[in-house]
Amino acid sequence: MSNAKSMGAARPQGGHDRADSLALRMAKAAGLIRQAKTKHLNAKVQPALFEAAARRVGSTSPAVVIEAALAALATQDDLGPWLAEQWGVLADIDPGLLGQIEP
Amino acid sequence: MDRLAYRDRAALPMLGTTRPRGPLLLDTNVFLNALTGRGPRVLQTLLANLPQSFVSAPTVAELSWTRGRLDPDHPQTAKVLGVIDETLSRIDPAKVLTPSAEQWQVAGERAGAAVRALAGGTRSFKIAAERHEMLNDALTAVVASDAAVGVVTQDADFDLFMQIDPGLNVLFY
Chain A
1 MSNAKSMGAA RPQGGHDRAD SLALRMAKAA GLIRQAKTKH LNAKVQPALF EAAARRVGST
61 SPAVVIEAAL AALATQDDLG PWLAEQWGVL ADIDPGLLGQ IEP
Chain B
1 MDRLAYRDRA ALPMLGTTRP RGPLLLDTNV FLNALTGRGP RVLQTLLANL PQSFVSAPTV
61 AELSWTRGRL DPDHPQTAKV LGVIDETLSR IDPAKVLTPS AEQWQVAGER AGAAVRALAG
121 GTRSFKIAAE RHEMLNDALT AVVASDAAVG VVTQDADFDL FMQIDPGLNV LFY
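Chains A and B, in that order, are what the protein sequence lines are.
Here our numbering is used: the first residue of the first sequence is 1, the next is one more, and so on.
Here our numbering is used: the first residue of the second sequence is 1, the next is one more, and so on.
Here chain B stands alone, though its shape is the one from the complex (with noise of 0.2 Å):
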């Protein structure tokens, strides 16, 4: 294989230009775009018009995340939350990818792959957040690859792991 490095975007599969094929695993960053009204028109569009939504385990802790740690005295705290219960209680479970035993070692082995391939350049990885966030999106990734289900993501470290594993489909936006 060849050194693991970010391609052109032009070179990857764009939400837009490239047709969705089969069901979709939809990454952390849809739901927060989505709900901050940030992400393209191009992912509403496809949201409105998805029958089957995929999510990972992961996902559905970072999303989690937000009720142990926004601030409780924040006067919006209250509304964020109720947003994102909402949304959690409209995630179907039976369509939550769980990672088994071996799939985190996968998983781990490929986020250590793409940090090493990036350390030093563009990114540092010196904290634990930035490590734990690329486990995240490995374990995103080899759940849906071995579901054969497609990940909508705006992260491009998911074409890091297109290059590790060739049967991972992406839709980037």
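In isolation and in its complexed conformation, chain A is listed as follows (with noise of 0.2 Å):
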């Protein structure tokens, strides 16, 4: 097996490219971005929006900074705020229990 990934090396291969975008490679895997782009979208945003999330994605291509946005947009998830509203829900359970769960 490859030492590649030995301790301390500065990127393991098979590591992904951080300037890559996550939320990209998450609709790739959901077959979000399989088909042919044909849905033709024209709209007009504020200037310094486009720019602030064109430097994120790294481009100033429309078509790339839209598609990254909606991306990010469907790979959301709802676990940190349901665990936010479910903040304290075992608080009453009896220490010795919960001591038999905490690795």
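FYI, nobody ran anything at the bench for these hints, they're computed from the structure.
Think of the CB as a built atom: it goes at the ideal place given N, C-alpha and C, for glycine as much as any other residue.
A couple of the hints might just be wrong.
Calculated pairs, EDC-like style, for lysine to aspartate or glutamate (alpha carbon to alpha carbon, straight line, at most 20 Å) [said to hold, decoys possible]:
{"#": "1", "chain 1": "B", "residue 1": "79", "chain 2": "A", "residue 2": "94"}
{"#": "2", "chain 1": "B", "residue 1": "95", "chain 2": "A", "residue 2": "78"}
{"#": "3", "chain 1": "A", "residue 1": "39", "chain 2": "A", "residue 2": "67"}
{"#": "4", "chain 1": "B", "residue 1": "95", "chain 2": "A", "residue 2": "77"}
{"#": "5", "chain 1": "B", "residue 1": "79", "chain 2": "A", "residue 2": "85"}
{"#": "6", "chain 1": "B", "residue 1": "79", "chain 2": "A", "residue 2": "102"}
Chain B is nowhere near these chain A residues, computed Cβ spacing over 10 Å in every case [said to hold, decoys possible]:
{"#": "7", "residue": "34"}
{"#": "8", "residue": "40"}
{"#": "9", "residue": "43"}
{"#": "10", "residue": "47"}
{"#": "11", "residue": "52"}
{"#": "12", "residue": "54"}
{"#": "13", "residue": "55"}
{"#": "14", "residue": "58"}
{"#": "15", "residue": "61"}
{"#": "16", "residue": "66"}
{"#": "17", "residue": "67"}
Join these two chains into a complex; the hints should help.
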């Protein structure tokens, strides 16, 4: 087996390029960007908003920026907000029982 | 690399003073501290505003541990299991980072290095559970780093993994 991922390696082989959008990779894995690009969008947005998004994506191409933004939206989940809502739901549990589940 | 050791907590990237960069992975202690209400409010605020949450496969295993471990005769077991089952069902399977064989190898080496640095000092690591916990933490650190996802945790062992892998992004609370 390769030693490329040994301790201290700056970036293991097989790791993803950090410039690559995780949302896009997830959208690709979910089959959301498999189809041909046939949906046409025509929208006016605030220049500052577009430029801020373009800096994040690393491209000024409207198609690239919009695709990245849509991928980020499409791959959102509600786990974090749900956990925040459940805050303390097990607060009244016997500490002895909780002690059995904490790693 | 300098000898591994826990650094002063003030030198670590802390939730509340360090701005999250990019997507985040929730360590097991985040779930337990949220559900028991023992975490700091800054963690609750982060969770409430988190659009994406990644989880490592070891965390899924640690949460699932309850189903086999809890005393079935305890009057509160059913409630705990109900909450844990609901929590597991809320995790998007596409956001579970599962280690490859190569990542297991890397994690094993890093966990061993962390234990070697600490053994005989503040901790003994004489029981298997401690070694397993360190290995699970190392696995979480490796899959998060490779996916370019930051880890949210209260576990100081991630400080060691940050020193081993400068590419690992961690937010402590």
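Next item on the list: Hints the structure violates: just list their numbers, smallest first.
Entry: No hint contradicted; all consistent.
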